[in-house]
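Which chain is which? The protein sequence lines are A and B, in order.
With the working numbering, the residue at position 65 of the first sequence is 65, and numbering never jumps.
With the working numbering, the residue at position 196 of the second sequence is 196, and numbering never jumps.
No wet-lab data here; the hints were simulated from the structure.
Please read these numbers as outputs of a predicted model, since none were measured by experiment.
Note that the Cβ used here is the ideal one computed from N, Cα and C, for glycine as well.
Treat the hints with caution; some may be incorrect.
Just so you have them, the derived chain B footprint on chain A, three or more residues with Cβ under 8 Å [what the hints assert, rightly or not]: (1) 85-92; (2) 99-105; (3) 140-152.
In silico DSS-like links for lysine-lysine, alpha-carbon gap of 27 Å or less [as the list claims (entries may be wrong)]: (4) Lys336(B) to Lys8(A); (5) Lys231(B) to Lys168(A); (6) Lys341(B) to Lys35(A); (7) Lys119(A) to Lys230(B); (8) Lys168(A) to Lys230(B); (9) Lys380(B) to Lys35(A); (10) Lys29(A) to Lys380(B); (11) Lys119(B) to Lys168(A); (12) Lys333(B) to Lys29(A); (13) Lys336(B) to Lys35(A); (14) Lys341(B) to Lys29(A); (15) Lys341(B) to Lys129(A); (16) Lys129(A) to Lys333(B); (17) Lys333(B) to Lys9(A); (18) Lys37(A) to Lys380(B); (19) Lys336(B) to Lys29(A); (20) Lys410(B) to Lys352(B); (21) Lys125(A) to Lys341(B); (22) Lys341(B) to Lys168(A); (23) Lys341(B) to Lys37(A); (24) Lys168(A) to Lys336(B).
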Amino acid sequence: MTFLKNEKKIILSLVDAPKSYVDGEIAEKISVFFKRKVLIDFISIPLEKFLNPIRDQYNSTEILKYFIFNHPIENEDKNCLIVRKDLFIPILTFVFGEAHLNGNYCIVSTHRLCERFYKRVPDTKIFRKRLLKEIVHELGHTFGLTHCINDLCVMHNSFTIEDTDRKKEYFCEECFSELDDLL
Amino acid sequence: MDKKNASILIVDDEIIVRESMKNWLEEEGYLVFVAENGDEALSVLGKKEFDLVFLDIKMPGIDGIEVLKKIKSIYPFIDVVMMTAYASIGSAVEAMKIGAYDYLTKPFDPEYLSMLVKKIISHRSLEKENVKLKERLESALKQVHIVGESDGIKKVLKAVEDVAPTDVSVLITGESGTGKEMVARAIHYSSLRRFEPLVVVSCGSLPEGLIESELFGYERGAFTGALYKKKGKFEAANGGTLFLDEIGELTPKMQVDLLRVLQEKEICRIGSNKTMKVDFRVISATNRDLKKMVEEKTFREDLFYRLNVYNIHIPPLRERKEDIPLLVEHFIKQLKRRMGKEIEGITPQALKKLMKYPWPGNVRELENAVERAFVVAHGKLITTEDFSFLGDRNPELEIPSGISLSELEKIHIEKVLEECDYNISQAAKILDIDRTTLYNKMKKYDISKK
Ligand SMILES: [Zn+2]
Ligand SMILES: [Zn+2]
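Start from the sequences and build out the full structure, keeping to the hints where you can.
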């Protein structure tokens, strides 16, 4: 595929999560959307350090900081951390993920993507679909895209899992052409 | 004002709060600046114009209340939202008296924060909005696949344009697959309510027992299984647009309930006795004949008139076949970038086939068909073969009764010639006759290329 000439990569870094979360279709689609090679990596981060016992949640801003300090990335690769813990940023009750706008780092939590969290029967297909959308969304931020008002666009902000389920895994016309200019 | 031009200042002494909130609001698309104390805030405010300030109440040095007083006296038009820990609600109330727009208790609910900022920013910019409405409408329409140049679709576009900036109720009618929800979206996204939510309710898919709790929401413990309180769709649509799809499927009881909500603009969660005001625009859609349902008394007349202040009818695809080429081109363009497959377009023969097909499932069926063909296509162009799954149901093959054998022969020859774009050799091959015979028959029946 000609578009994969880009030297820069996208690295999906799994923290205590199996490869099956992202290999196959998810990695392929991400590669097509962002026209970059996708690598899957396993990393270890002492997540307990970032647990807020009162909230029983993990501070995503601090996790990203720790990660950046310990894993400096070469030649502008984009790195997406995938963790299974529930994340928060100090000012908000929870987040599905966090990204550095126009940066190289983002993080996605699978905690609220699993049907089990909503007391329903786990479903791998639904889970992977949601995970794909959240990864594409956060990576979209690292390429400079901001939230889109079109609730079918992957860059629409999700506040609930219904928001995530409603939106598609790809970009709307406007976000797409913006991304195209940014790639 | 464009969202991207709205600027926000965050004033908080804790770096982690400033950082994470800045990052989050930047993801929302705003320009964000930070200051770590009151003095710094006032100096930043002197250098740049701001629309909104988030101000922490408890800060070392001058505290938030003092900063608020100063801001309000020097820049009375800037909206200020106070941030507080749970313990300082008292001072938050004081802040509201001084002129703060709202106060937030840490940690905030992300949805509330997002809505609040949108509300403030969009209200600040109402006048400038109208000018850009038309521009936005065009992009909204393209995004939702409302594409075409037929008179039928032009009428729909004109109607959307006329009705979007108003607040009237719209009833969208049309066969299934014509894109009723897409038209509703286009109206919402080009209306002044577009920064507020668009809430979609599919009346046909809600089970009888669930519809009430879905629409009205409930309090914790309202019934067995209500472990948490839940916002209903009416409440969720507050400020924005409520889209009621398949409105013809609404039960008689829900028709009464809906009518009451629309008249009184008030709702009450199940298990609560507190009413709350709601304000939303209603767009509804149906593929049924509501007027007939009114006559048959299966749909309430008063509700019908309340929903049908403005009617937009979307014609079926078979009545606007001239739009098929544009639609196909639009779908291929989208699929190309979604799937990263190098397909340039469609062969004239394949397009002809699509033009002839009756499309009982309308634009949605066309979209699915193009996607299916796109996936299996091998060359640079999608061919007739890639659409072979459509082949079996060509109703034009049906033979009209009371027709002579020679008339039938004429029709058949014309049809085959047209399919081959009047390539005589090819047509002769299909008809299994030689070219001279075909020429003679064309002469006999007076058939020539149209
Ligand atoms: Zn986001
Ligand atoms: Zn978008």
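Outcome of the hint check:
{"no.": "1", "hint": "85-92", "result": "holds (count 5)"}
{"no.": "2", "hint": "99-105", "result": "holds (count 3)"}
{"no.": "3", "hint": "140-152", "result": "holds (count 7)"}
{"no.": "4", "hint": "Lys336(B) to Lys8(A)", "result": "holds, 23 Å"}
{"no.": "5", "hint": "Lys231(B) to Lys168(A)", "result": "holds, 24 Å"}
{"no.": "6", "hint": "Lys341(B) to Lys35(A)", "result": "holds, 12 Å"}
{"no.": "7", "hint": "Lys119(A) to Lys230(B)", "result": "holds, 15 Å"}
{"no.": "8", "hint": "Lys168(A) to Lys230(B)", "result": "holds, 25 Å"}
{"no.": "9", "hint": "Lys380(B) to Lys35(A)", "result": "holds, 20 Å"}
{"no.": "10", "hint": "Lys29(A) to Lys380(B)", "result": "holds, 21 Å"}
{"no.": "11", "hint": "Lys119(B) to Lys168(A)", "result": "holds, 25 Å"}
{"no.": "12", "hint": "Lys333(B) to Lys29(A)", "result": "holds, 17 Å"}
{"no.": "13", "hint": "Lys336(B) to Lys35(A)", "result": "holds, 13 Å"}
{"no.": "14", "hint": "Lys341(B) to Lys29(A)", "result": "holds, 12 Å"}
{"no.": "15", "hint": "Lys341(B) to Lys129(A)", "result": "holds, 21 Å"}
{"no.": "16", "hint": "Lys129(A) to Lys333(B)", "result": "holds, 23 Å"}
{"no.": "17", "hint": "Lys333(B) to Lys9(A)", "result": "holds, 26 Å"}
{"no.": "18", "hint": "Lys37(A) to Lys380(B)", "result": "holds, 24 Å"}
{"no.": "19", "hint": "Lys336(B) to Lys29(A)", "result": "holds, 13 Å"}
{"no.": "20", "hint": "Lys410(B) to Lys352(B)", "result": "holds, 20 Å"}
{"no.": "21", "hint": "Lys125(A) to Lys341(B)", "result": "holds, 24 Å"}
{"no.": "22", "hint": "Lys341(B) to Lys168(A)", "result": "holds, 19 Å"}
{"no.": "23", "hint": "Lys341(B) to Lys37(A)", "result": "holds, 16 Å"}
{"no.": "24", "hint": "Lys168(A) to Lys336(B)", "result": "holds, 16 Å"}
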